[in-house]
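Quick note on numbering: the sequence shown equals residues 1 to 57 in our numbering.
Be careful, since some hints might not be right.
Stated by the list, open to error - Within a straight-line C-alpha distance of at most 20 Å, the following computed EDC-like cross-link-like pairs (lysine to aspartate or glutamate) qualify: (1) Lys5 to Glu21; (2) Lys41 to Glu23; (3) Lys41 to Glu21.
Calculated directly from the structure, the hints in this document are not laboratory data.
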Amino acid sequence: MLGDKKVFQERVLMNCRSILEAERQRRKNPKARQNWMRFLKNRGKESDKLEEKEHLG
Numbered sequence: 001m002l003g004d005k006k007v008f009q010e011r012v013l014m015n016c017r018s019i020l021e022a023e024r025q026r027r028k029n030p031k032a033r034q035n036w037m038r039f040l041k042n043r044g045k046e047s048d049k050l051e052e053k054e055h056l057g
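Could you build all of it, start to finish, from the sequences and the hints given here?
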C-alpha cells in the first residue's frame, strides 16, 4: 500500500515538473502554446487510462 502511494507521489511530481517546463517554454515561444494545449489533452486521456487500469487492477 505504501509503495503505491510513493509511486503516485512521484508521478504527480513528474507531471508538475513537465507542466512547469511547458509553462517556461510557452512564455519563450508562442507556438509552444499549441503544443501545450495538445499536451494537456493527451495528459487527460492518459490519466483516464491510468485510472481505468487501477480500477480493473
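A quick look at each hint next to the structure:
The suggested pairing of Lys5 with Glu21 is violated, with an alpha-carbon distance near 24 Å, which exceeds 20 Å. Straight-line distance between C-alpha atoms of Lys41 and Glu23 comes to about 15 Å, which keeps the hinted pair within the 20 Å bound. Restraint check for Lys41 and Glu21: the C-alpha separation of about 17 Å stays at or below 20 Å, so the hint holds.
In the structure shown, a violation is registered for the earlier hint numbered 1 alone.
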